[in-house]
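Work the whole structure out from these sequences, hints included.
These are the residues of each chain, in order.
There are 2 protein chains.
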Amino acid sequence: MALSTLKIRVAIVDDHPLVVEGLKSLLRGKADIKVVYSCERGEDLLQYLKSSDVDIVLLDINLPDINGIDICKHVNREYQNTFVIGLSTYGERSIINQMISNGAKGYLLKNATESELIEAINKVYRGKYYYGTEIQKAMASTIFHTLGNTPRLTKREKQILKLIVSGKTTNKIADELFISPLTVETHRRNLMKKVDASNTASLVKIAIEKSLI
Amino acid sequence: MALSTLKIRVAIVDDHPLVVEGLKSLLRGKADIKVVYSCERGEDLLQYLKSSDVDIVLLDINLPDINGIDICKHVNREYQNTFVIGLSTYGERSIINQMISNGAKGYLLKNATESELIEAINKVYRGKYYYGTEIQKAMASTIFHTLGNTPRLTKREKQILKLIVSGKTTNKIADELFISPLTVETHRRNLMKKVDASNTASLVKIAIEKSLI
DNA sequence: AAAAATCTACTGGTTTACCAGTATTTTATT
DNA sequence: AATAAAATACTGGTAAACCAGTAGATTTTT
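Just so you know, the protein sequences line up as chains X and P, in that order. If you count the first sequence from 1, position 111 lands on 111 in the working numbering, and the numbers rise without skipping. If you count the second sequence from 1, position 127 lands on 340 in the working numbering, and the numbers rise without skipping.
No wet-lab data here; the hints were simulated from the structure. Each residue gets a CB set at the ideal place from its N, CA and C atoms; glycine is no exception. Among the hints, a few may not be true.
Pair ranges (Cβ atoms, derived) [unchecked claim]:
| # | chain 1 | residue 1 | chain 2 | residue 2 | range |
| --- | --- | --- | --- | --- | --- |
| 1 | P | Asn403 | X | Asp70 | 21 to 31 Å |
| 2 | X | Leu26 | P | Gln372 | 23 to 33 Å |
| 3 | P | Tyr303 | X | Arg77 | 21 to 31 Å |
| 4 | X | Glu209 | P | Ile392 | 23 to 33 Å |
| 5 | X | Glu92 | P | Asp283 | 24 to 34 Å |
| 6 | P | Asp388 | X | Thr183 | 30 to 40 Å |
| 7 | P | Asp283 | X | Ser198 | 22 to 32 Å |
| 8 | P | Arg402 | X | Ser198 | 45 to 55 Å |
| 9 | P | Arg402 | X | His16 | 35 to 45 Å |
| 10 | X | Val19 | P | Thr399 | 16 to 26 Å |
| 11 | X | Glu92 | P | Ile392 | 23 to 33 Å |
Structural data, given as C-alpha cells:
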C-alpha cells in the first residue's frame with residue numbers, strides 16, 4: 001500500500017532466534033511496517049545505527065553482551081528519531097522503571113498479542129507511549145504484593161517516619177515537633193520493631209517499598 | 214439494546230458538580246452503561262453501597278471528607294463485585310501507587326477522552342486493568358524526571374550501596390566483600406557525597422528514588 | 001608511557017543510632 | 001467510668017555511623 005519510504009523502519013534485537021523469527025513473521029504482513037534489521041547482540045545494533053536510520057527498535061532486555069538498559073540509554077541519547085520498545089519475559093518493576101528512565105517509550109512482554117505489538121509500534125512511532133496490558137497488570141500486581149502485609153502505624157509514627165526518611169536526625173525531629181529526643185528515639189524503636197527493620201537503612205527501604213510514608 | 218439488568222451500574226463520586234454532570238452526560242448515551250448514583254462526599258457512597266449494588270465506582274481522589282484512597286480500600290475490602298476506577302487531575306505517581314495498592318483496577322486523568330472512559334469502564338467491568346494514556350504518560354514522565362540528574366556510581370559503589378539498602382552494616386559488608394571496614398566506610402562517604410546525602414536515611418531514599426541500586 | 005579514575009586502607013575523633021526496660025500522662029474506645 | 005491504645009520521657013550502656021584528611025595500589029583511559 002504505502003510507499004517503501006513511508007514505512008516504519010523496525011529493528012529487532014534479541015538473542016533468541018525463535019523470537020526474532022516470530023516477530024519478523026508477525027510484522028511481514030503489515031503494509032506500513034518494515035523490518036530493516038535484526039541481530040542477537042546489542043553491539044551489532046549500535047554498529048548498524050551508525051550508518052542506517054531506524055524508527056523503532058524492539059529491544060530484548062536480557063542480552064548476552066551489554067544489557068538492554070544501557071543500549072536503550074545510548075540509543076536514546078544518540079538518535080533522537082529512534083524510539084525503543086522494550087521486550088522481556090517477566091514484568092519486573094525495577095527493570096521497567098529503569099527502561100522508562102532511560103527513554104524507552106514502550107514496553108511489552110514477549111507473550112504480547114499481535115494487535116498489541118502493532119499498536120505499540122504505531123503509537124510509539126507517533127511519539128506516544130505504550131505499555132502492554134500484561135505489563136500494566138504486572139506493574140499493578142507487583143505494587144499490590146510488595147505492599148501487602150502492611151503494619152499499621154499511628155499518626156505520630158507516620159509523621160516521624162516521614163522526617164526520618166527525609167534525612168533528619170533524632171535531635172532535629174525532636175526540635176521540630178517540640179518533644180524530647182528520647183521520645184523520638186522510642187518512636188523510632190517502635191517503628192523498627194513494627195516493620196521488622198534492624199537499622200535506619202532498612203526502615204527507610206521498607207517505608208518506601210510499602211509506601212508507609 | 215441490552216436489558217436494563219445487564220447494564221453496567223456506575224456510581225460517580227466527585228465534589229465538583231461540573232465533573233459529575235460531564236461524566237453523566239458522557240455516559241447517558243451508552244446503551245450498556247447506567248449511572249445509578251452520584252454524590253459529592255465519600256461517606257455518602259459508602260452509605261449507598263450498604264443497600265445497593267454497583268459494578269463500577271468512578272472515584273475522585275481529592276474529596277472533602279475522607280480521601281479517595283481510604284474509600285477505595287474500604288470498597289475493595291467490603292464489596293468484591295464492585296470495582297473502582299480512580300479519577301484525578303494530576304498523575305502523581307505516589308497517589309497512583311497507593312490507589313493500585315488499595316485495589317483500584319483503573320485510573321484516569323480528568324481530561325481523559327470519552328473513548329478512554331468507556332474502554333476503562335468496560336475493561337474493568339470484565340476484570341481487567343485500565344490506565345489511561347495520560348496516566349501512563351504521567352507515570353513515565355514522573356519516573357523519567359525523578360531519575361534525571363543521576364550521579365554516576367562505580368561498580369563497587371553500586372555493590373556497596375545495594376548492601377547498605379538491604380540493611381547491612383559496614384562491618385557485615387566488609388566481611389562479605391573481604392575488604393576492610395575502613396574501606397567500606399570510605400565508599401560510604403563517597404556515596405553520600407555523590408548523591409548529596411547527609412546520612413544513611415537519605416542515602417537509601419535517594420538510592421531507591423533514582424533507582425541507583 | 002602517562003594521566004585519571006577507582007579501590008584500597010589508615011588515624012583520630014565526634015555524633016548519632018541502637019538496645020532493653022520502665023513508667024507517667026494523654027487520648028480514644030467500649 | 002473503666003480499659004485500651006498512643007504519646008510522652010527517662011536511665012544507662014553499646015554499636016554503628018559520620019567527618020576530615022591522607023595515601024598507596026590497582027585498573028582504566030588517553
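Taking the hints in turn, this is what the structure says about them:
no., hint, result
1, P:Asn403 / X:Asp70: 21 to 31 Å, "holds (23 Å)"
2, X:Leu26 / P:Gln372: 23 to 33 Å, "violated (40 Å)"
3, P:Tyr303 / X:Arg77: 21 to 31 Å, "holds (29 Å)"
4, X:Glu209 / P:Ile392: 23 to 33 Å, "holds (28 Å)"
5, X:Glu92 / P:Asp283: 24 to 34 Å, "holds (30 Å)"
6, P:Asp388 / X:Thr183: 30 to 40 Å, "holds (35 Å)"
7, P:Asp283 / X:Ser198: 22 to 32 Å, "holds (31 Å)"
8, P:Arg402 / X:Ser198: 45 to 55 Å, "violated (22 Å)"
9, P:Arg402 / X:His16: 35 to 45 Å, "holds (44 Å)"
10, X:Val19 / P:Thr399: 16 to 26 Å, "violated (45 Å)"
11, X:Glu92 / P:Ile392: 23 to 33 Å, "holds (30 Å)"
Violation of the numbered hints given earlier is confined to hints 2, 8 and 10; the remaining hints are satisfied by the structure.
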